[in-house]
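**Q** Sequence:
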Amino acid sequence: MQMSEKQSQYLKQFHRRKQLIIGCRIVCIVLFLLLWEVSTSAGWINDFIFSSPSRMCRCMVKTVTGQNLIFHIAVTLLETLFSFLIVTVLSILISMLLWSFPTVYAVLEPILVMLNSLPKSALAPVMIVWLGNNIKTVIVTGILLAIFASVISLTTGFYKTDEEKIRLMYTLGASRKDILLKLLLPSSVPLIMSSMKVNIGLCLVGVIIGEFLAAKAGLGYLIIYSSQVFQMDMVMLSIVILCAMAILMYQGITWISNHIRI
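Here this note's numbering is used: position 99 in the sequence shown is 646, and no number is missing along the way.
No lab work stands behind these hints: they were computed from the structure.
Warning: the hint list may mix true and false statements.
[Claimed, not checked] The calculated DSS-like cross-link candidates involving lysine-lysine, where the alpha carbons are at most 30 angstroms apart (straight line), are:
id, residue 1, residue 2
1, K763, K609
2, K744, K729
3, K707, K683
4, K763, K683
5, K744, K707
6, K553, K565
[Said to hold, decoys possible] Have a look at the derived ranges for each label pair, beta carbon to beta carbon:
id, residue 1, residue 2, range
7, F648, L582, 49 to 59 angstroms
8, S734, C575, 35 to 45 angstroms
9, R605, I576, 37 to 47 angstroms
10, F777, V585, 21 to 31 angstroms
11, F648, Q554, 47 to 57 angstroms
12, Q554, S774, 52 to 62 angstroms
13, A653, V736, 20 to 30 angstroms
14, K553, R605, 49 to 59 angstroms
15, L632, I713, 23 to 33 angstroms
16, A793, V608, 22 to 32 angstroms
Because the structure is a prediction, the values reported are computed rather than measured.
Each residue gets a CB set at the ideal place from its N, CA and C atoms; glycine is no exception.
Let the sequences and hints guide you as you build the complete structure.
**A** Now the structure itself:
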């Protein structure tokens, strides 16, 4: 089907705006790095404490050559993705159960809110005692940081499904299972994808907290170890890598959500 002139013009404007936004983001990042480098070179800030882009590049080349940095990145990435997968599956299943049993949800809602408000970093030492100083503690910490908010958000969204549509399906003889599988879940896909965008960042934060306390590998462990031996270049490099990982994982979820058609 051939597009009209107005449709073609709109698409061109849309793509130009998108390119402008991407270009502005790149310029902002480049200007920030240049300002950082100039500030350390001119002595405005202490390059030993705050490091600099050039020092981080030299540190990255050195650690990548020894393959240590790639290993730590891979460990953190796998732990984050694994905890994110568990959070996504569990939160959807638990929310479905809570929607199916409104009385149970009414009882558990304040408990879920309380658990979500509880500082998860306070639970990390307890996790070490329960699970040991290993990767299980790191993954569980990542799960705990995200799952309660996700369950509350999804369950609330499920209960906000159009009541008229639900009554219509009941009138046509649908069961509660039919409503759940044929109306609730398909109509909640945007909500689920939005929750996943938040969860991927929360899982990364939880994994880093776990690695601070109970890990022998990963970027969180690398940050703690490097700060203890005053290798601030490695600390700042690890933080920058974490920022890049968060952006890439978020963009990955966004790409998936943009290509889902329900």
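**Q** Which earlier hints can't be squared with this structure?
**A** Per hint list: 3, 9 violated.
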